[in-house]
Amino acid sequence: MPVRIQVTVNGKQYTSEVEARDLLVYYLRDSLRLTGAHVGCDTSSCGACTVLIDGQAAKSCTVLAVQADGCSITTVEGMGAPDSLHPLQEGFREHHGLQCGFCTPGMIMVAADLLQRNPDPSEMDIRHALEGNFCRCTGYHNIVRSVQYAAEKMKEHTKINAA
Amino acid sequence: MTFIGKSVKRLEDKRFITGKGNYTDDIVLPGMTHGYILRSPYAHARIVRIDTSDAAAMPGVVAIFTGKDIAETGIVGVPTGWQVNFRSGDTMKEPPHPLLVSDKALHVGDGIAIVIAESREQAKDAADSIDVEYEVLPAVANPAKAAQPGAPLVHDIAPGNVAFDWELGNPRAEVDAALAASHHITEMDIVNQRLVPNAIEPRAAIGHYEDAYDKYTLYTTSQNPHLTRLLMCAFVLGIPEHKVRVVAPDVGGGFGSKIFHYAEEALVTWCSRRLKRPVKWVADRSESFITDAHGRDHVTRAQMGFDKDGRVTALKVSTYANLGAYLSTFAPAVPTYLHGTLMQGLYTTPKINVEVFGMFTHTVAVDAYRGAGRPEATYVLERLMDTAALEMNMDPAELRRINFIPPFDGVNQPGYQTQVALQYDSGNYDAVLDRALEMVGYEDFRKEQEAARKEGRLLGIGFSTYIEACGIAPSAVVGALGARAGLYESAQVRVQPTGKVSVYTGAHSHGQGHETTFAQVVADRLGISLEDVEIVHGDSEAVAFGMGTYGSRSLAVGGSAIVKSLDKVLEKGAKIAAHKLEAAVEDLEYTGGRWTVKGSDKSIGFGDVALTAYVPHDYPQGVEPGLDFSSFYDPANFTYPFGAHVAIVEVDAETGKVSLKRFIAVDDVGNVINPMIVEGQIHGGLAQGIGQALLEGAIYDDEGQLLNGSYMDYAMPRADDLPSFEVDRKVTPCPHNPLGVKGAGEAGCIGSTPAVVNAVMDALRPFGIKKDLEMPLTPERVWRAMQG
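In order, the protein sequences belong to chains A and B. My numbering puts the first sequence at residues 6 to 168. My numbering puts the second sequence at residues 67 to 854.
The set of hints was computed from the structure by calculation and includes no laboratory data. Among the hints, erroneous ones may be present.
[Claimed, not checked] Here are the simulated SDA-like pairs of lysine to any residue, each with C-alpha atoms no more than 25 Å apart in a straight line:
id	chain 1	residue 1	chain 2	residue 2
1	B	LYS72	A	ASP59
2	B	LYS342	B	GLN188
3	B	LYS342	B	GLU607
4	B	LYS309	B	GLY143
5	B	LYS75	A	SER89
6	B	LYS374	A	GLY85
7	B	LYS75	A	MET159
8	A	LYS158	B	LYS86
9	B	LYS190	A	SER21
10	B	LYS86	A	ASP125
11	B	LYS86	A	ASP47
12	B	LYS566	B	LYS190
13	A	LYS158	B	GLN188
14	A	LYS158	A	THR48
15	B	LYS630	B	PHE611
16	B	LYS72	B	GLY565
17	B	LYS727	A	SER89
18	B	LYS190	A	THR48
19	B	LYS634	B	GLY552
20	B	LYS566	B	PHE611
21	A	LYS158	B	LYS566
In this text, all values refer to a predicted model and were calculated from it rather than measured experimentally.
Produce the complete structure using the sequences and hints provided.
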């Protein structure tokens with residue numbers, strides 16, 4: 006039976022009819038055509054579908070669309086566009102933090118969650134924060150560098166804003 | 067202006083970091099239906115009865131097809147691309163591999179029926195309602211057990227479950243004699259466990275038949291779209307090749323598992339024709355585990371003989387290689403021509419014999435996975451080396467060094483002819499080992515290790531010096547070895563009238579960064595900017611032909627094809643330039659994107675020549691308009707990258723948990739176009755190789771059930787399992803291709819595994835463990851070994 010939900014995705018409001026069993030990731034991908042969140046597994050293990058729900062990283066394959074009713078969601082598409090990249094997106098490009106790109110949106114979102122909580126993470130902090138997300142291409146080495154780059158960049162921004 | 071050797075940031079990144087990549091599952095076509103495949107839960111079972119009537123009546127169901135429906139149209143199944151015959155000369159046993167089985171399921175995951183519905187959920191719901199009666203039969207999963215008398219038979223046509231047996235090298239009797247005369251023999255039973263490639267993007271395919279055009283389009287997660295088209299059209303469905311377009315859009319990792327032509331690709335294409343609607347199939351991860359081709363799975367006995375100084379006298383290897391239930395596209399080649407041929411390693415071993423039994427089992431097919439055969443060979447050699455060093459009380463680095471083939475560049479010194487068919491192109495093995503020892507601080511480490519042992523801490527160091535054969539491969543050679551295809555590559559360089567350049571390559575990028583590396587080669591050769599170059603790949607309608615990406619071949623073979631076309635562009639461009647400059651071609655030089663009359667200031671730019679080629683009003687006689695060339699490049703030899711890897715581990719004496727403290731990799735992959743990308747390739751390979759050593763392994767029980775077929779159960783390396791890597795490079799150019807490149811995609815995966823295992827064994831030295839520990843070296847296995 007269809008259920009009506011109201012969500013804000015990347016700052017835009019949507020009212021949609023969803024099936025009670027629809028997963029949030031399929032709602033985003035199929036109904037809103039935001040295909041940045043990817044489905045890499047069926048056990049909430051790979052993190053390729055990670056988005057922010059009310060600012061917190063969540064695996065959107067493990068959340069029903071109806072559970073997101075009334076929530077504000079940020080996907081990788083909401084982070085920045087090709088001509089106005091978020092420091093994290095910039096970091097992944099600068100430090101070759103991606104190869105095939107399939108895990109990348111999830112990595113960016115979980116790193117965004119980390120940097121909100123911990124603006125100055127150590128390498129181990131970063132590795133622990135990323136451990137719910139699989140990457141099979143990079144060996145994580147350059148993903149860590151990418152997040153470190155973004156942390157630096159965002160600290161500079163904060164300093165400039167404070168000044 | 068030069069781009070070669072620069073760490074140019076990747077041109078393809080922007081779409082991926084903004085969520086705008088275009089993967090197969092992102093594609094939605096008008097009227098698209100969704101397919102879900104019901105699969106056998108048993109490894110070996112006769113299908114007594116299938117009742118689809120309840121399922122067919124369920125909401126949204128469009129059609130259900132079973133194996134019988136397909137068999138009735140005369141379709142036999144997907145073929146293999148290699149033929150490896152028996153030593154006796156008998157033909158390889160090659161059973162059919164149906165798209166869906168109609169009588170017997172031969173592994174867990176064998177397709178039984180496909181349900182096509184309006185939505186993916188409806189298709190799944192209906193598949194649950196298909197009633198199948200199975201008669202469960204005994205199964206065998208292990209390749210050595212499959213060879214035992216009385217083992218359950220996978221195919222009636224293959225007695226003893228043997229698909230082929232194969233032998234290479236010096237006569238066995240000679241090797242036995244050399245072993246018997248040896249001062250010391252190291253003998254090991256080695257298991258190279260089965261791995262699941264696990265590209266993070268699950269396989270997917272969309273078949274789209276358009277009756278108004280009588281044309282098919284297949285979108286698929288492939289490393290190899292042209293070969294998929296050829297195999298599917300000519301050998302599976304019998305449809306004309308010019309009526310089929312195969313598109314491999316952005317592909318989320320492959321590691322070998324997406325080289326092959328899979329049943330689902332033909333299945334959705336066939337279904338789409340039946341229904342005259344697009345049919346999409348996307349694997350669940352659980353489905354990927356039981357349908358993607360797996361890798362490795364060798365059971366080996368090896369003996370290596372040494373003289374009193376530690377020089378290797380002989381090597382004898384006997385391997386049971388698991389092929390799974392069916393022969394996948396490259397499967398017969400992997401344990402033979404990509405494995406047996408590497409048994410020389412970096413060493414001067416004078417007598418080598420290797421035999422391989424290709425075994426059918428009731429498991430999913432085994433085929434090329436990152437490194438494909440070469441990691442298995444390297445693992446055997448490098449475990450033997452370290453074990454021998456221990457047994458002979460020699461330093462493991464020194465033992466390797468005294469056995470190294472001396473340096474040769476392949477130009478002034480000839481290539482090195484091995485005992486196992488290959489001729490190495492160029493190498494300098496001392497250089498990589500020296501650099502690795504320097505980076506690790508070997509002498510200091512041994513002191514630290516000694517001090518740690520006194521405190522009860524278990525530190526270990528492990529080496530691996532590897533060689534691999536990549537840039538596959540000369541067509542005539544692989545043809546003689548049983549390949550049913552050539553292994554050249556094609557490239558078209560189309561100069562647009564404004565001087566912008568579109569390059570169409572048969573290689574396929576699924577993370578390797580071709581759109582950047584290839585553009586660097588083009589921009590460099592033509593002296594134009596990177597922004598003026600586009601690299602097009604992955605679409606059979608755009609690219610004339612291609613053999614795809616695997617075996618670290620893209621730059622060595624595909625890049626060389628591009629260079630050939632670029633040279634043709636410059637040759638013709640010079641004729642046009644000479645005409646415009648009223649000079650002789652011999653008097654021109656081309657630098658910085660301009661033809662200049664030597665010793666003058668008269669010149670013309672690349673863009674002006676391009677425009678002239680397409681607006682040929684004032685034009686040289688006898689020259690055709692246009693500036694657009696295609697080339698095929700067939701390599702003269704394989705390429706042979708090599709390197710030295712060193713691992714430092716600490717084993718927790720209480721729990722057996724292994725922590726990887728440092729990993730040093732010094733690789734020589736020939737010339738490097740983009741160091742950033744090459745390092746990224748090495749990093750990724752290291753993670754997969756380390757994963758095999760410490761974490762990964764597909765576990766089949768005796769009934770053929772895959773016990774760890776999910777990401778919750780199959781342990782892949784996560785970010786906090788790995789350290790940052792310490793990598794460096796040496797450069798010994800490849801002497802036989804125009805770029806001097808060798809290939810970097812698999813090196814990390816080939817060298818790293820034995821280095822880690824050797825390090826753990828070194829850490830465990832005080833325990834005097836004699837038996838080889840089986841990978842992955844989980845805390846439990848290490849702890850048990852420590853208990854004796």
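Each hint, compared with the structure:
Pair hint LYS72(B) plus ASP59(A) does not hold up; C-alpha atoms about 42 Å apart against a cutoff of 25 Å. Between LYS342(B) and GLN188(B) the alpha-carbon distance is near 19 Å, which keeps this suggested pair within the 25 Å criterion. For the suggested pair LYS342(B) and GLU607(B), the alpha carbons sit about 21 Å apart, so the restraint of at most 25 Å is met. With a C-alpha separation of about 20 Å, the suggested pair LYS309(B) and GLY143(B) falls inside the 25 Å cut-off, and the hint holds.
Distance hint between LYS75(B) and SER89(A) is fulfilled; the C-alpha atoms sit about 17 Å from each other, no more than 25 Å. Only pairs whose Cα atoms come within 25 Å are accepted, and LYS374(B) paired with GLY85(A) is rejected, the gap being roughly 66 Å. Distance restraint check for LYS75(B) and MET159(A): the Cα-Cα separation of roughly 21 Å lies within the 25 Å cut-off, and the hinted pair is therefore satisfied. A hinted pair counts as satisfied when its Cα atoms are at most 25 Å apart, and LYS158(A) with LYS86(B) qualifies at roughly 24 Å.
Taking the CA atoms of LYS190(B) and SER21(A), the gap is about 24 Å. The hint holds against a cut of 25 Å. Distance restraint check for LYS86(B) and ASP125(A): the Cα-Cα separation of roughly 29 Å exceeds the 25 Å cut-off, and the hinted pair is therefore not satisfied. For the hint pairing LYS86(B) with ASP47(A), the CA-to-CA distance comes to about 23 Å; that is within 25 Å, so the pair holds. Taking the CA atoms of LYS566(B) and LYS190(B), the gap is about 48 Å. The hint is violated against a cut of 25 Å.
The suggested pairing of LYS158(A) with GLN188(B) is violated, with an alpha-carbon distance near 47 Å, which exceeds 25 Å. For the given pair, LYS158(A) sits about 34 Å from THR48(A) by alpha-carbon distance, which is inconsistent with the 25 Å threshold. For the hint linking LYS630(B) to PHE611(B), the alpha-carbon distance of about 16 Å falls within 25 Å, and the restraint holds. In summary, the hint linking LYS72(B) to GLY565(B) is supported, as the alpha carbons are separated by about 23 Å, within the 25 Å threshold.
Annotation: proposed proximity of LYS727(B) to SER89(A) is violated, straight-line Cα distance about 39 Å (limit 25 Å). Between LYS190(B) and THR48(A) the CA atoms are separated by roughly 17 Å; this keeps the pair inside 25 Å, and the hint holds. Only pairs whose Cα atoms come within 25 Å are accepted, and LYS634(B) paired with GLY552(B) is accepted, the gap being roughly 23 Å. The hinted pair formed by LYS566(B) and PHE611(B) meets the criterion: a straight-line CA distance of about 22 Å does not exceed 25 Å.
Proposed proximity of LYS158(A) and LYS566(B) is contradicted: the alpha carbons are some 35 Å apart, above 25 Å.
Hints 1, 6, 10, 12, 13, 14, 17, 21 from the earlier list are contradicted by this structure; the remaining hints agree with it.
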